[in-house]
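Asker: As you go down the protein sequences, you meet chains A and B in turn. Read in my numbering, the first sequence has 197 at position 196, and its numbers run on one by one without any break. Read in my numbering, the second sequence has 417 at position 412, and its numbers run on one by one without any break.
Residues on chain B that point at chain A, a partial pick, calculated with CB under 8 Å:
id	residue
1	Gly137
2	Val138
3	Gly139
Which chain A residues stay away from chain B? Per the calculated CB distances, all over 10 Å, these:
id	residue
4	Asp119
5	Pro176
6	Asp185
7	Ala219
8	Thr227
9	Glu242
10	Gln250
11	Arg255
Residues of chain A placed beyond 12 Å of chain B at every Cβ, according to the derived structure:
id	residue
12	Ser145
13	Arg229
14	Arg234
15	Ala253
16	Arg256
If you are wondering where the hints come from, they were derived from the structure by calculation, not from laboratory data. As the structure is a prediction and not an experimental result, all values here were calculated from the model. C-beta atoms are modelled at their ideal positions from N, C-alpha and C, and glycine is treated no differently.
Next come the chains, spelled out residue by residue.
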Amino acid sequence: MTQATAISFESVTKAFGDRHAPTLDTVSLAVRDQEFLAIVGPSGAGKTSLLRLVNRLDDPSAGTVRVDGEDVRTLDPVELRRRIGYVFQGVGLFPHMTVAENIGITPKLLNWDAARIDARVDELIDLVRLDRGEHRNRFPHELSGGEQQRVGVARAIAAKPRLVLMDEPFGALDPITRDVLGRDCRRLHEQLGLTTVMITHDMLEALLLADRIVVMRAGRIIADGTPRALMAREGDGYVQELMGPPRRQSEALRRLTNGEAP
Amino acid sequence: MTPDPRIAEALARLPDYLGGHVLVSVLALALGLAVSFPLALAARDHPNLRQLLLAAASIVQTVPGLALLALFYPFLLALGALAERTFGIGFSALGLLPSVLALALYSVLPVLRNTLAGIAGIEPAIAEAARGVGMTRNQSLFMVELPLALPVIMAGIRTAAVWVIGTATLSTPIGQTSLGNYIFTGLQTQNWIFVLFGCAAAAALALLVDQILGLIESGLRARNRTRVISGGVALAVIVLGGLLPAFAHPRAGYVVGAKTFTEQYILAALIDQRLNAAGLTAARREGLGSSVILNALADGEIDVYVEYSGTLWANQLHRNDVKPREEVLAAVSKWLADTKSITMLGGLGFENAYALAMRRDRAHALGIRSMADLVRSAPRLSIAGDYEFFARPEWAAISKTYGLAFREQRQMQPEFMYPAVAAGDVDVISAYSSDGLIAKYDLVVLDDPKHAIPPYDAILLVAPRRVNDAALIDAVRPLIGTIDVAAMREANLRASGGTDSSADAVARWLWDRIGKRNGVTQ
Numbered sequence: 002m003t004q005a006t007a008i009s010f011e012s013v014t015k016a017f018g019d020r021h022a023p024t025l026d027t028v029s030l031a032v033r034d035q036e037f038l039a040i041v042g043p044s045g046a047g048k049t050s051l052l053r054l055v056n057r058l059d060d061p062s063a064g065t066v067r068v069d070g071e072d073v074r075t076l077d078p079v080e081l082r083r084r085i086g087y088v089f090q091g092v093g094l095f096p097h098m099t100v101a102e103n104i105g106i107t108p109k110l111l112n113w114d115a116a117r118i119d120a121r122v123d124e125l126i127d128l129v130r131l132d133r134g135e136h137r138n139r140f141p142h143e144l145s146g147g148e149q150q151r152v153g154v155a156r157a158i159a160a161k162p163r164l165v166l167m168d169e170p171f172g173a174l175d176p177i178t179r180d181v182l183g184r185d186c187r188r189l190h191e192q193l194g195l196t197t198v199m200i201t202h203d204m205l206e207a208l209l210l211a212d213r214i215v216v217m218r219a220g221r222i223i224a225d226g227t228p229r230a231l232m233a234r235e236g237d238g239y240v241q242e243l244m245g246p247p248r249r250q251s252e253a254l255r256r257l258t259n260g261e262a263p
Numbered sequence: 006m007t008p009d010p011r012i013a014e015a016l017a018r019l020p021d022y023l024g025g026h027v028l029v030s031v032l033a034l035a036l037g038l039a040v041s042f043p044l045a046l047a048a049r050d051h052p053n054l055r056q057l058l059l060a061a062a063s064i065v066q067t068v069p070g071l072a073l074l075a076l077f078y079p080f081l082l083a084l085g086a087l088a089e090r091t092f093g094i095g096f097s098a099l100g101l102l103p104s105v106l107a108l109a110l111y112s113v114l115p116v117l118r119n120t121l122a123g124i125a126g127i128e129p130a131i132a133e134a135a136r137g138v139g140m141t142r143n144q145s146l147f148m149v150e151l152p153l154a155l156p157v158i159m160a161g162i163r164t165a166a167v168w169v170i171g172t173a174t175l176s177t178p179i180g181q182t183s184l185g186n187y188i189f190t191g192l193q194t195q196n197w198i199f200v201l202f203g204c205a206a207a208a209a210l211a212l213l214v215d216q217i218l219g220l221i222e223s224g225l226r227a228r229n230r231t232r233v234i235s236g237g238v239a240l241a242v243i244v245l246g247g248l249l250p251a252f253a254h255p256r257a258g259y260v261v262g263a264k265t266f267t268e269q270y271i272l273a274a275l276i277d278q279r280l281n282a283a284g285l286t287a288a289r290r291e292g293l294g295s296s297v298i299l300n301a302l303a304d305g306e307i308d309v310y311v312e313y314s315g316t317l318w319a320n321q322l323h324r325n326d327v328k329p330r331e332e333v334l335a336a337v338s339k340w341l342a343d344t345k346s347i348t349m350l351g352g353l354g355f356e357n358a359y360a361l362a363m364r365r366d367r368a369h370a371l372g373i374r375s376m377a378d379l380v381r382s383a384p385r386l387s388i389a390g391d392y393e394f395f396a397r398p399e400w401a402a403i404s405k406t407y408g409l410a411f412r413e414q415r416q417m418q419p420e421f422m423y424p425a426v427a428a429g430d431v432d433v434i435s436a437y438s439s440d441g442l443i444a445k446y447d448l449v450v451l452d453d454p455k456h457a458i459p460p461y462d463a464i465l466l467v468a469p470r471r472v473n474d475a476a477l478i479d480a481v482r483p484l485i486g487t488i489d490v491a492a493m494r495e496a497n498l499r500a501s502g503g504t505d506s507s508a509d510a511v512a513r514w515l516w517d518r519i520g521k522r523n524g525v526t527q
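One chain only, chain A, in its complex shape:
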């Protein structure tokens, strides 16, 4: 893995009005190139707020966000968004567009010619393991939740971004679909050489998919390490609380596998 930095947050604060505590409180974080980073934390921890600063869906109140070393405030937000893939919480597919039109939207905005978009859409339908004949001209409401999110992922990577942001992409899916789709995303991450930042509620998912996990709480980063390091970490507090279930589950599963009582 290279050590170049894809995204850096430098003492970033985001506050809405004076009455509330800041949503993000002087957060600093560097995401390395081609890293798969998971951000874990409870609702209201500031995970989504942090992610939205990367492609300027929001701007920070203070501090600097850099993408590939460039301060995002110096970049045109529309162009920036077109070169960063974004998978939305709750999918966010355009209901009046077919699967193919949804996937091809960013290339279309980038003025690719129709033939190139078509070819790319086919390629992506294969890549996210949908069926060209069956799904290409369907509308989103005709698809299952898992299929919809596959389209969401395909749309995010359609214009060949090097950076993909995913905001709880599998939150609404059943456990099996979630597992399959998670592993597919990891496969795509490696196959395409992406830098991926994924927000999740689910520590187990983060442990199994990510190279590195950041734990956020109340607008601050309270832990940052590899899955292995977090599993081994000792002490108490919120991070230990978060690590409890996966540890107990893995121990129980290990015992089950060995024929002992869980």
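Starting from the structure of chain A, add chain B where the hints point.
Answerer: Just chain B now, kept in the frame of chain A:
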């Protein structure tokens, strides 16, 4: 059983009336859309502007349709005069223009409201996704927000279309031909077949358009292209089908104007027939308001119509003194020529003066024979007048001269006043001296011993641009001085009901009668 000839007559007028109705509705909707749609888009990011626009549109919606249409007339008249002075080009304040403007205003609210609601109703996650994939503000609007809001916008257009088509019937009194011509003519001539025909035609058109727009709307919701396209085709067929016969119709050479009551319809038909007999083509513009029609003549919107000397004397010359007939005629004629360049060809031979009438037995019981006799009983009696009457100087003159104060004053459609007085619902009504219903309901016209009411000779007026038009003038001159009040009263009575009561049939009868007496052959 032979069908009622009035149905045939109604059908014969359908291409003209429907064409006018479709034209004014289509233009009004197009203008309304062209205004409200951009306004809605401009207001979508500005909550204050949005509130302001919706409030303004709602206020417009509360103005009664007829009032809104009528308000545009003086406004456009002033604007037209200003344009004439400033640029040397005037425009007509009558007919199509005020109708289209007023109806367009009516269509603004539903389109504005639904466009704003449609855009506001889009899921925030979808709007956010549009930003996230890299759309600009406009791309998001045109690629995502508007397509998604389209069914809601379409529902607004549908509401607007139904309102406009329904309200367009009210454009008749300001001179725009519409399906309302059936209703207004029918009401005036007690031709209920016309009234029903007009109501049914307007309702059918509104329903049909509503259903077609509904089809398009449902097609948009279900993303069903076939439904949208077939709806569009059906709509185009209706619009073209409505407009074509009207346009294919040869343009009439002359336009005969008529005010809003039976006698005027008969006289307009009579003039129309005389022009046809002379080989000229003519169209009628009926149901024009009293104040509108003189300006229409002066502007050349119409070429000829029958006015009443007393109306001009009181309303235009602002005289409230009473002079002998000849003197009033001379003064009116001179005033018309001097201020409007309008030619008065002469009097038709009868008067249609305002009068007060009562049921004969009631008048007898109260010992009332003249307006002067009313003084004692008036505080116990009720009086009904048409919509103009109590605002007219004649009423002011009568009530002042004779010192009349009635227990109650009511305003009614003229055709309802007579049955009302006959039934005893009111005691006294404002009547017209040439009205056939006076005889029909056995009413007495009260004398005017103090001459409070000016004379009301029926006079034939010709537009400034037709002053030297010998063909026109020769065709209508035979009418001058030939219609006595008895003939006119009978004609009016004939027109008040029955199968042969159409204005055209009565006009033929009237010509027959005055032609015979004058030894004129056709």
